[in-house]
Every structure is written in C-alpha cells, then in structure tokens.
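S.K.: From first to last, the protein sequence lines stand for chains A and B.
Going left to right, the first sequence walks through residues 1 to 767 as the UniProt record's numbering numbers them.
Going left to right, the second sequence walks through residues 1 to 767 as the UniProt record's numbering numbers them.
List of simulated lysine-lysine pairs, DSS-like, C-alpha gap at most 25 Å: (1) B:K126 x B:K75; (2) B:K416 x A:K238; (3) B:K416 x A:K251.
The following label-pair restraints were derived from C-beta to C-beta distances: (4) B:T465 x A:F63: 46 to 52 Å; (5) A:S275 x B:E610: 53 to 59 Å; (6) A:K281 x B:Q532: 57 to 63 Å; (7) B:P231 x A:K586: 51 to 57 Å; (8) B:L115 x A:K281: 56 to 62 Å.
To be clear, the hints were calculated from the coordinates, so they are not data collected in a lab.
Just so you know, these numbers come straight off a predicted model, no measurement behind them.
Where is the CB? At the ideal position from N, CA and C, for every residue including glycine.
There are 2 protein chains.
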Amino acid sequence: MNKVNFTYFLFFITLSIFCQTKDFTQFVNPLVGTKNMGHTFPGATTPFGMVQLSPETNLQVMFTEDGKYNPDTYKYCAGYQYDDTTIFGFSHTHLSGTGHSDLGDFLVMPTTGTLNLEPGEAKQPKSGYHSQFSHKNEKASAGYYSVLLDDYNIQAELTATDRVGFHQYAFPKTDEAHIILDLVANIYLHDDKNTWTFIRVENDSLITGYKQTNGWARTKFVYFAMQFSKPFTSYGHKKYDKSKYNGFYRKFDEEHNFPEMAGKNIRAYFNFNTSENEKIKIKFALSSVSTEGALLNLNTELPHWDFEKVKNETKEKWNKELSKIDVETETLEQKESFYTAMYHSMLSPIIYEDVDGKYRGLDQNIHTSNGFVNHTVFSLWDTYRALHPLYNIIQPKRNNDMIKSMLAHHDQSVHKMLPIWSHYANENWCMVGYHAVSVIADAVAKNTTDVDLNYALKAASNTATVPYFDGLGYYMNLGYVPEDKSSSSVSKTLEYAYNDWCIAQIAQKANNTDAYSTFLKRSKNYLNVYDQSIGYMRPKLADGNWRKEFDPLNTHGQGFIEGNAWNYGLYVPHEVDKMIAMMGGKDSFSKHLDKIFTTPIEDKYIEHNEDITRDGIIGNYVHGNEPGHHIPYLYNFTNEPWKTQSRVRMIVDTMYSNKEDGLCGNDDAGQMSAWYIFSTLGFYPVNPGSTKYSIGSPSIQSAIILLENGKKFTIKTVNQSSKNVYLSKIKLNGKSISTLTIDHDDIENGSELIFYMGAKPNKKLTE
Amino acid sequence: MNKVNFTYFLFFITLSIFCQTKDFTQFVNPLVGTKNMGHTFPGATTPFGMVQLSPETNLQVMFTEDGKYNPDTYKYCAGYQYDDTTIFGFSHTHLSGTGHSDLGDFLVMPTTGTLNLEPGEAKQPKSGYHSQFSHKNEKASAGYYSVLLDDYNIQAELTATDRVGFHQYAFPKTDEAHIILDLVANIYLHDDKNTWTFIRVENDSLITGYKQTNGWARTKFVYFAMQFSKPFTSYGHKKYDKSKYNGFYRKFDEEHNFPEMAGKNIRAYFNFNTSENEKIKIKFALSSVSTEGALLNLNTELPHWDFEKVKNETKEKWNKELSKIDVETETLEQKESFYTAMYHSMLSPIIYEDVDGKYRGLDQNIHTSNGFVNHTVFSLWDTYRALHPLYNIIQPKRNNDMIKSMLAHHDQSVHKMLPIWSHYANENWCMVGYHAVSVIADAVAKNTTDVDLNYALKAASNTATVPYFDGLGYYMNLGYVPEDKSSSSVSKTLEYAYNDWCIAQIAQKANNTDAYSTFLKRSKNYLNVYDQSIGYMRPKLADGNWRKEFDPLNTHGQGFIEGNAWNYGLYVPHEVDKMIAMMGGKDSFSKHLDKIFTTPIEDKYIEHNEDITRDGIIGNYVHGNEPGHHIPYLYNFTNEPWKTQSRVRMIVDTMYSNKEDGLCGNDDAGQMSAWYIFSTLGFYPVNPGSTKYSIGSPSIQSAIILLENGKKFTIKTVNQSSKNVYLSKIKLNGKSISTLTIDHDDIENGSELIFYMGAKPNKKLTE
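Chain A with its partners taken away, still in its complex shape:
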C-alpha cells in the first residue's frame, strides 16, 4: 500500500468509526410477519436489492385439479410460513408483504442420497426433495439467513449483494451430493405459468439461462448466471412438458450431461462428491436483460468467494440505511419492532437494472437508465400513503430515482400511463387509482425531485385521461364512476378525486393554470358519490340514480374494494374538513369514528376479502389493509383530537410486535411498516401531496433522523410511556405550537420537536 492509499485508508477507517458506531441490524427480525398474513419473507437481501434469496416452505398450485382456486395460494405470497416445518429450497425473487403474488424464481435445493427431482408433499416427510427443519436451527438477520436442512444434515447459509444471491451449503461426506435447480417452482403457480425456460451449461461450474413466465406480471423474463465454487461431476434434467414435438433434439440423450436444457417445465440437478462439512458455494446473479447482463452483474458485484465478507458488507449496507433514524425506545421489543419496520420499508421497490444501467422496459425493449437508477415493484395503491412520504424524509434521492423510473414506465407505456403497479417490466394493474401522481406530487411539494415539472404534469395528465382505464372514461364524462359500468365505483371515484387534487398541485407548481383548474375541479368529484339522504358514500348508476341494493357495512360488492362505506367512505384526504362538514359536522363525524372502532364487524361482511383478516381489525376499522390508514388521524380534524392519540397508540401497541406474527395483515410492500414508523415517531402524512403531517402519539423516547441535506431532525418525548399516550404540549425548536400539524420544512430545517406526554388528554391542543 503506497502512502496516498494509506492516507485514504486511514481517512475511511476514521470516517467509518466516526459515523457508525451503532449496530442497528441487531434489532431487525426478518421473521416478523412470516406467521399468518404478513406475507414477508425471512431470507437475504440488500436494501432495495434486486435479489431476495429466501426459503420456500411449501410449493402451492393456484388451481386444484378440479379447476378451483386453491385458497392456500394466498398464504404463500412470499413463499414462507412460520408454522411450516418443511423447506423446499431457496429461490431468488420475492415480493414483501403483498396480497397477490408472483416470482419465486430459480429454486435451489441441496440434497444428498438417491436423487429425487420431485418436490414432494409438505405434509409427508421424505416424499420429495424437500427437507424438514426447525426454528431452533434457523437464523434470520438483515442480509443473512441460515438453516439446517434436517433430512440431509446440510447447513444452508444465504446472503446477497444487490444483484447476486450467495449460497453456502455445508454438506456431509457423500458421493451423492446434489444441487437441484427447480424451474417448475413458482409462487402463484398455475399450469401455464412458465412460458419458457432455458439452461446452458457453460462449463463444469457455470450455468446461465432464463425463465419466462405469464403470471401477475404478464410477460416476465428473468435471466441468470449461476456459478458453483466447485465443478460438478455430472448433471442432467427432467422435462415435464406435454408437447408432442421435440424436433431433432430427440437424437440426443438430453436428460444427461447435455449442456442445453430447455422447455416449459424442467428441473435440473448437479452432482458432487463432498467431504465432511465441505462447503459448496453458489453465486446466483439475476438480470432482466440477458444472460450476458447476469454474468456482468456476477463478475462485477461478486468477483470472489468470501461468504463472510459479503455477509458483513450487506449487514453494513443495512446498518447504513437503518441508521437514518436513530431511535430510543422504552423497551427492546419496541426497538425491534421499529427497526424491523425500517427493514421492511426497504425491501421494495427494488432496483431493476444491471450494473451497466441496462434494463428491460415496459415495452420489452432494452433501455439504459440515464441519470437515475431504474426501480420496479411499485405497489402504489399501498405505498403512496406513507411509504413514499417516508422516503421523502430518509430516502429522497432514491425516491427521486423511483419517480424517474415511473416516468420511464410512462414513456414506455403504450397507454402513456404512469405505473399502477409496476412489476418487472410489466404493469399488473392491481387495485384502483393512479397513485403515481401522488408520489410525484408529494415529492414536488417537498422539493425532493428534480424532474421537469411540465414533463411530470404531462405524464400525470396522460395517466388521468385514459378512457378505457377502469371506469375513468365514465368518471371524466359523469364526474363519478358508475357502479353498473365499473365495479368498486365509489373507491375509484374517491381515489381518482384525490389523485386529481395531486395533479392539480403539480400543475400549480408548473404554473399551468389550465391544468390546475381542470384537475382541481375533478378533485371535487367525491361530492358526486355522497348520498346525503343516508349519510354515506354510495354507488351511483350511470343514469344518475343511487344503486338500490346497498349495505354500508359489507366489504364486498358495495362499490368499495377491500373496504366498506363506513371506512373506505371516509377517503377524501385532500379535503377532510369539507368532507366532515358534508357528513354532518365534526361532532357527528367523531361519533362515526367512534362507531367504526367500537362496532365489531360480522364475519359475513369480510368473508369475500382475502386481504381483510381478523388479526387486523378493531371493531370495523381494518388496520390490516390500507384504505383506512388515515382514519385514526381523522379525529384531529374534529373536536376530539386526543382520540387520534389514543387510537394511534392502541394500534401501535396491538397491531405490531417484534414476533413472527407481528404484522396484523400483509405488510403491503412496506406500507404497514411505514405507518408504524411514522406513528411511533408521532406524526403521519394524511394527505400526501401536501407538506403537512398530522400529529398522533409518539411511542418512542427519542429519535434522530439523518437527512440527506446533512441536517438532523430530532424528536424527543417527555414523560412518554405506555400509559402516558396523550399530548400535553408540543415544542418545535423550543416554541410551543398549538396546532396538531408539522410541516415538511420543519423536518428539513433540522428542527427539534419535543412531545410532552401525559396520561390524560390536553383538550386545548387542536388542529
């Protein structure tokens, strides 16, 4: 090492010691949410990483043999269920916390003994290649997962770089060690899911290939390069295709040591001899572009075989992101819940480009990102609410990249639409609204994006005027979505109206008064679905009449998607005051909120909704799903704001924990966790697109938020405890404030916010 390098070395060592003495990863438990319906995965990934290398505890098919939907499908959105005792292998792509699913690509399973390529039944031990495991032999931490595969006495360890999964399998001594690569396995598997798969054995320790599926992502391509640390002694595959045609490949013994394997459904295997405790390592790189791209990613990100080094570097990457909010809490459990929520908030959106910036676009052409890092997995109906607002505080640069990814999606879209749910170079059209505009408006309002405003406005306006999109043509003509033309019409009308308000905000910043007035006018459309005579938002028909059949409690078929008129009907975040006035005023509204939280909902009202589960329900309030996430904060707009404080605290304490069942519903790509982070810090973005946050009840002792502008936003609480959930006083930079809002500027300016807490409400504190 020369002198200059040594100086640099000292500088970075010093910097590193100075900047990061705390290990926040110790408070992350990736298993949180893996029991019941959290739909999180426990495996290894980097923050926002393209690879999510995680165990599958069961392999489901979506449709049973008689053609019926298999209700177990839903349980395995992320591939892993804590109550299971079986591991089928480790695959490389997973969604975190979604309520519909896909992926589970490239399942790798190490086995020993007589080769068995059939996965077998989870309920029947040794019925296939799967293995029993127990949680006592399982470790999950940020960027690292390990488990003992009991059936084979193989210790499996996983870590990852951004684009490369790194496996390490310690085998027993055997002449029959196998590594299975199952290309049939898929999450949300159905008969026609795989459209094509392809493996090339490049040499005795490197294979490449791709898998193409037709699932939630209609046409998904994932390319890979898989490098073994040791040459395999032989290999082969089994093809499960039904096609009568195999061309002249029939002249080969394709199934044994033939270096091209292809078909719709194939399982490959690679054989080894191992000595006792010999570790076989695998580097498994992904690309959306090509096998060439996957190899480039592999060689660039992971040119060595040092597993511990990657494990530590990935842990360090996580620590860097987690350290952006340094909280102190009363209990360890709270701290673990907090940092696990932080962890869950950074599992998606994921980067979606190769190290050279190339990525597959929505038009299926290969693009190169210019001035941004392309991302995918935008579950926007969920994440616009709190996750992207959170990013505007702790990840503004990355959020700006995400916005640019959305604009690229728009440019590549044949509909000229921003993403609804951006999914591996596909639009999967899940849920309602066009909430990318909210993400853009929020970033515009908070000055965290440098995109051209006119371009952003044009993209937003294009998106909001596609007549064949989900009732939007009717909405534009009639001012509401008619239920007889497009179901979930009230949800759509409310979400569109809010989205239009967002577009108006962008227009205002762009000084486009025409667009501003057009979309501001459209933002009032919520008025058109409010039935004054019954006091509920209600589905209206194309002829202007209210639909006769209507049950404001039923969450199915009543004009709302995954919600009912009682809760989803309160969705006017941009004009809460006007909505409250329209609904009879503050006191009556308070009473309605009380009723929501205290009237138990009957099973018959939720039985048709996979996404509404008992765990996440308080009365009629459904925390386990998104449309009500702002509801606890609505008391702030009434004469009883302290009820926000108690309800928020109740939800924080009862709906989250540091245990495997610590999520009361799908984490929804981080939205549930983002709600928790905001709410424990004491404020929440009720209306993304505005700079205001509504104050709730902080449940931390203190927090320091590191901002990208170099400043720190400090939150302190005085006298806070599980009993002292009410606000008695709030000081911002030493001055008492009387409203229950703070502004984004307060954060960005590096203010100090002190919450003084007590066991009883201070009823003078109002909005």
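For chain A, the structure is supplied; the task is to place chain B on it using the hints.
M.R.: Just chain B, lined up with the frame of chain A:
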C-alpha cells in the same frame, strides 16, 4: 438539380444502361416447385432477404386430435401448394425447399363483410376468413406476387425489401374492411408451438410486437413493426388460451380497442372503411432483436409508401444477382429453368441482422456483427454439396459472410460447434455430419475467405470432437459409429470421414501438421464400415460385428438416413478412386452404377421416407434427395465417363422444368437448384474442399459468369443439342484438355471453356 448532381445522374444512368441492359427476371418463375414436393414458396423476397412474404394455401396442424402425425404437414413446408384453391393469408417468414419446417410468422389476411376470425377449412368455401383464388388471377415474379382474393374481391399485391414486407390491398367500397393478423398460424403448427405472442397498438396506424415459438427452432423470437397506410377505425383480438389465470387484465375489455394484446394464441383484427378500389398498404418489418430493431428496419429501409418503387428496386436487386451468369440456351424453357434455379439458389441462407448489425445470437444474447453480415438458415447437409461451391464462384463475398456467421454461431454455441442447421438463433440439429467444415474448407481451398485459418481450424476441430454429438464419441473411439448405439450409423461414419478430410485440408493450409494427420487419419474411417464379404457399406455394431439384419436396398433403418447402401453407400467423395478400388475396381463399379440407374426400387423400400418421392427416382437413383447428387458424376472415375454425360443430361432434362412441378423433390434450400446450375453449365463439385470440378454434359449454348474479381469465365458449347449430349472435345483457353476436370483457378482466371458435343461418346476423354 444542381450541376454536380446532374453530372452524377448522367453518370449513373449511363452506367446503368451500360451494365444492365438485359432483364433476367423475366425468366424466373417463382411458382416452379410449388406443385408436389418442391416445397418452394411463390411470394415476394429480395435475394437472401430476411422477409419472405408469401401466401399460405392451407393451415395445417402437425398432430390430429387423436395425437397422430398428420401426413399433410409435410406438403406445407413452404405454406403453398399449387393444387390448392384457397388462400388463408400472407405470412412473412418461409423456408425454401426444406423437408421439415417451421416459420409462417405473422399471417396477414384482408377481408370484408362480417368479421370472421376463424381461418376455416380449405375444403369448405366461406367456412372462415380464407378466400378462394385462381391461378389466372395470380402473378409471381422475382420480388413481386399478386393475386385476386375472390371471396372479397380484394386485389392483393406483395413486394419486399430485405427486412420489410410491403403489402398493397385494393379493397371494394365497404364499411366493413378488415385486416386480420393471425398469430396462431404457424407452419408445422402444434398445440404448444407458440410460447408467447404480444401486440402493442402504438397509435392508430402502427403496431409492434413479437412472437415466440417452440418448433424446429427450439426458441425462436421474431419481433415486428406493422405500419398501415391509413388509420384503422377500430381493432381488437380474440385470445384462444386455456390458462385459468389472467391477473388483473380481467378488469379491461381486452378484446376491443385495448392496445396491449398478449397470449399464447391470439388473432387480431383492424377495421377500416374503404372506397371503391382503395388501396390499403402495410409495411411489415421484422427483427430478431426487438420491436425497436423492427422499427429501425422499417424506417431505414422503407421510409415511403411508393409500392411500385419498391417493386422495381427489388426486381433490380434480383436482376443484378441473376445477371452473374448470363446463359444462352436452346429453348426458352431451359432458360426459365436455369434462372428459376438461380433464383431458388438465393432464397437462403438469409441475412439475419438489423440494419444496425444487431442480431440475436445462438446464446440468445444480442450481438453486433463486426466486419460481416450475419446470416441464418444453413441447411448444411444439403447445401455444402453444390450451393456453397456455387457461391464460391458467384457470391464469394457473401459466402465469406456466411462462414463468419458460422464461426459466430460456434463462438456462441455452448457445445462449441459450428452449425449443423442454423435456424433463427437456434440449432435445429437436422440431418447428419458437421458440414460447415466442408463450406469452410471449400472456401479456404478456393481462396474466397479471409477468416483466420487457425481460428477456423479450432472451430472445426471443436465441432468434430463433441463426444455426445450423434455417435461422434463412438466414432472417435471405434473409428465408426456403431448402429446399436446410434442409428443411421453408416451415413454418419461416411459423412464424418469426408468432413474430417475437409478439416485436414484446413489444417494443411494452416500448417498445423498435427491436426492434419489426426483428421486425415479419421478421414479413412469409411473403410471401417465397408463389408468386403458382401461388397457394401454396412452397419457395424459396437462389438465389431456387422449387424446381421441388413437389406442394402431398404432406405429405412439399415444404417443410412434417407438412402440405402446401394446409393448412400457410395459416399466417399474425398477418396473416390480408393473407394472404387475397394469395391472391386472400375468396371465392377460401373456395373453397380448401371444397376442403380436401371433397377426400379420397390415402394416398400421408400415408404418410410417423406424425403424420397417417386418423382425424383430413376431406378434406384434418388435425385430428389441429396446423398446421391454426386453419383451421376462417379462414372467419370471409371472407364466409362461418357455415362456421366448421358446420365447428367437425362437428369437435367427429366428432373427439372420451368413448370410448377419442375422440381422432383424438395429444393432443399437451393441445393437441387445448384446441382442444376452446375450440371447445365457442364461441371460439378464432386468433392467440395478440393478445387476440382468434374465435367458432365453442358446443356446450355453459352454462359458468361461475372466474377467478383472483375473477370469473366466464359463457357461455350459447339454442336450441343438434346441429342448431342456427349463430349467430343474440350478446349480450355484454346487448348484441348484430356482430363474430365477443371480447376477453380481456371474459373477465377477468367478462362474460356469450349465444349464440343456430339451424339456419340468420345471414349478417349477420361479422367
């Protein structure tokens, strides 16, 4: 026009008049070979063009409902049968003259009246979208095809640039004009052929998309851009998929005016209003890379809508290629047969790259050709015999590009093999041998390639040493392919031995004495499958014994592929003299040849071979298939060379014509036609890889061959007629020659060759 431009203009006009006064395209009849088993297509294409836009007269499925092979499949290798009266549409990719098939991509059909997306049955008029047609309303010429679609009174015209098909449809007046784009249609269609198809409606007159198939090419991607000359008024599609899963696309009315259409099997349509005789034109560009590539090809090659201009330019491209051999013949029929053969010899291999040089490689990655034009469709077991030798005379630069394409194929091959049958970024493994080495050796011998010799040798040697390839491992170990391990073992042994001789020739030129001796030794392996006791090449078993069951006349299951011991057993082109000596000497060999031509083969011996048809048989000689193409020339190696002259003339006169049934078997990607061109000119490359041509019986009056070195090789005949088929004297550059061979240098030096003909043989002329 300014003065300089005007001067250029005059210059080019003069040049054009000077260089090309003759129109050779008038002698081309693309319908030759469309009746019975020629398997040629009559549609529009440029020389070696990537688009072959041609009508389909029936849509076949490969397997009937009970799972059996549909024997009609074979008839439709090129999509068109002259005896049919129905047209189903015009698709953009076709193979010319093959005996197995694929392609037929992007079938376009114009219709009127009530929309019908079902193709219907050919036998039932008006049972689907197909139309009746008659040959009196049909025109086919080089680069142009037109037909009246009787059912709709639509005049269809087709032409093409290298990468763009150009359609022109003259409609009647109607409010119900449709253009159907059928993505279900495929040549050699089976249930699982389409793996995925995708259409994007970019705007009201442009669509893009792709089709991915699993056929003879295992994983073929073809991307397209389709531009209409007039906006469609509406559009839609029908999806025929059986998949239970459609994600959230179900929220759309996907079938009507929804600009993304995707699935395994879809048919799309585009609606128009037309006035009487209104012409709707379509530009349809292909790419192996992406829709972006297809659009680039479209905009680069065809930026205008002038149909006549393209038709004329394409005709001119053909004329330029056809003019490379300027023949005079006794009859117009002969001239038409000759130029049609010339035409057929340039329908493949085809260029396979976008205008920017990008192409899909065998590894499925996107490559850019560097210093060559990438080609595909190498049907090498057929074309190494005479087609590539022909190219070495009239297309040496392009042949060099083809060799470089083969080397790129090798580099991209996981097997590190040169192509066996290169097929749209796939290896389809059809037939036996590794004849790319012959093409390279022939070009090396004739100095028409500038590839690095060591690199070419390495690629050839790699190809010849892949142990799992088609019995090659056994061949390397035992010196022959054992029939009990790999069928068609004698054919394989003979072809490998010849191929090895070719590699030895490359090695010799590369001064690699080790490789030379290795492969020269291997080239003697034909000795190992000759059974002296019965006087035939015969299948041998792995234990060294001859197979007991053996019938030297049967073309099925007797160690030969598409041939029998009588004819295929004479395949030792590199050591004909030694073979003849081994088989008992010249006189006995002559008698065997006589027997071949005079003993009628019984049906039972050929019934299992689709590729051997009665039309192409003389006694036991099968001209309609390749393995015997050198046989008529083998008399030259005996004491009765004049029998070569009469037999060649007999074959030229009886096995070819200028009529629709003018080919006696599959044209085999141009090999049959190349045989005709050589044989009518009076010589034939019996042993590609050597510079010698064996002289037969010229049937032209004269020929001038334009060489790329600027010289002209002139052939004249004196006293030649259908009766005067025997050579009495040969003069090369004014000097009599007594051998029946000429050398490639004689051609390249621009010699004059005069054949003096008579009605009786001159028995003094011998080899």
